[in-house]
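K.L.:
Sequence:
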Amino acid sequence: MARWKSYGLLIVVALAFVAAGMLFVPRLGIEVDEAIVTSGIYDHGNPWYSWKFDGSELPIMILSYLGALKAWFYNGLFLFIPPRPIALRLPMLLLAAGTLWLFFELLDRTMGRKAAWIGTLLLATDTSYLLLNAADYGPVTLQFVFKLAGLLLLVRFHKNGSKKELAWAFALFGLALWDKAVFAWVLFGLAVAAVAVFPRDIRKHFSRTNVLVACGAMLAGALPLVIYNIARPLETLRSNVGVEQRAIVGNADLLR
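Be aware that the sequence shown starts at 1, since it is given in the working numbering, and climbs by one per residue.
Source of the hints: derived by calculation from the structure; they are not laboratory data. Just so it is clear, the structure is predicted and the values come from calculations on it, not from any experiment. Each hint should be verified, as a subset may be incorrect.
[Claimed, not checked] Below 30 Å or equal to it, Euclidean Cα-Cα: the simulated DSBU-like pairs (lysine-lysine) are:
| hint | residue 1 | residue 2 |
| --- | --- | --- |
| 1 | Lys114 | Lys159 |
| 2 | Lys114 | Lys52 |
| 3 | Lys5 | Lys52 |
| 4 | Lys5 | Lys159 |
| 5 | Lys114 | Lys5 |
| 6 | Lys204 | Lys164 |
| 7 | Lys204 | Lys163 |
Could you put together the complete structure from these sequences and hints?
P.N.:
This is how it looks when you write it as structure tokens:
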């Protein structure tokens with residue numbers, strides 16, 4: 001199939017995904033994960049950590065593990081559009097539709113056109129994926145965008161060796177860490193999978209220059225999170241890492 005035809009069909013799939021999501025956007029009540037973004041927007045809000053400049057406050061962390069990146073976006077958006085369910089949800093739904101495009105490109109470049117279509121259609125028709133993004137429960141939408149865009153850039157780096165694309169990939173991973181620190185688990189899983197499945201490719205690209213570029217770019221993307229954990233030493237870890245017996249017992253029951 002010609003590339004322009006594929007792109008045309010992808011647009012149709014993305015529009016159908018958005019249309020399906022719009023069935024829920026005005027009907028679902030605002031969930032707490034959506035509402036928490038206002039802590040970094042309105043005067044009554046109470047961001048976990050912020051920077052102050054001559055009486056102005058710039059939110060950096062909404063919670064000890066949740067960055068204010070999404071709050072920055074909506075703070076600008078609400079200057080032009082009054083806050084209401086469609087203004088809160090449509091941008092995330094459109095980003096989720098964009099991830100379908102990224103997912104298609106990733107599969108097309110690695111597994112082939114047929115696999116790309118099968119995977120993209122499965123994702124576009126996945127009820128959980130649709131509802132998670134319609135209300136950005138988690139929140140997760142920015143995580144999906146940064147992860148898939150970063151992986152696609154890494155595939156391009158593998159094929160052409162561009163340091164610029166390597167840097168952008170890890171900068172996006174850094175932004176994902178600031179957006180939500182639990183993205184560290186995603187990075188850990190991706191790293192283990194890459195070493196296990198592509199050891200030769202990893203060795204091929206493992207050089208001092210590439211490591212420095214990747215680490216520097218990720219540090220730049222996650223800089224607000226890093227500064228926060230320096231100002232309040234390792235608070236993200238100290239506040240969120242621990243063993244909770246009650247949760248373990250409950251999860252064991254669910255597993256059984």
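K.L.:
Compare the structure with each hint and give your call.
P.N.:
Evaluation of the provided hints:
Pair hint lysine 114 plus lysine 159 holds up; C-alpha atoms about 21 Å apart against a cutoff of 30 Å. Of the supplied pair hints, the one linking lysine 114 and lysine 52 is violated, its CA atoms being roughly 52 Å apart against a limit of 30 Å. Using a Cα cut-off of 30 Å, the hinted pair lysine 5 and lysine 52 is violated, with the two alpha carbons roughly 51 Å apart. Proposed proximity of lysine 5 and lysine 159 is supported: the alpha carbons are some 25 Å apart, at most 30 Å.
With a C-alpha separation of about 14 Å, the suggested pair lysine 114 and lysine 5 falls inside the 30 Å cut-off, and the hint holds. For the suggested pair lysine 204 and lysine 164, the alpha carbons sit about 18 Å apart, so the restraint of at most 30 Å is met. Taking the CA atoms of lysine 204 and lysine 163, the gap is near 14 Å; set against the 30 Å cutoff, the hint holds.
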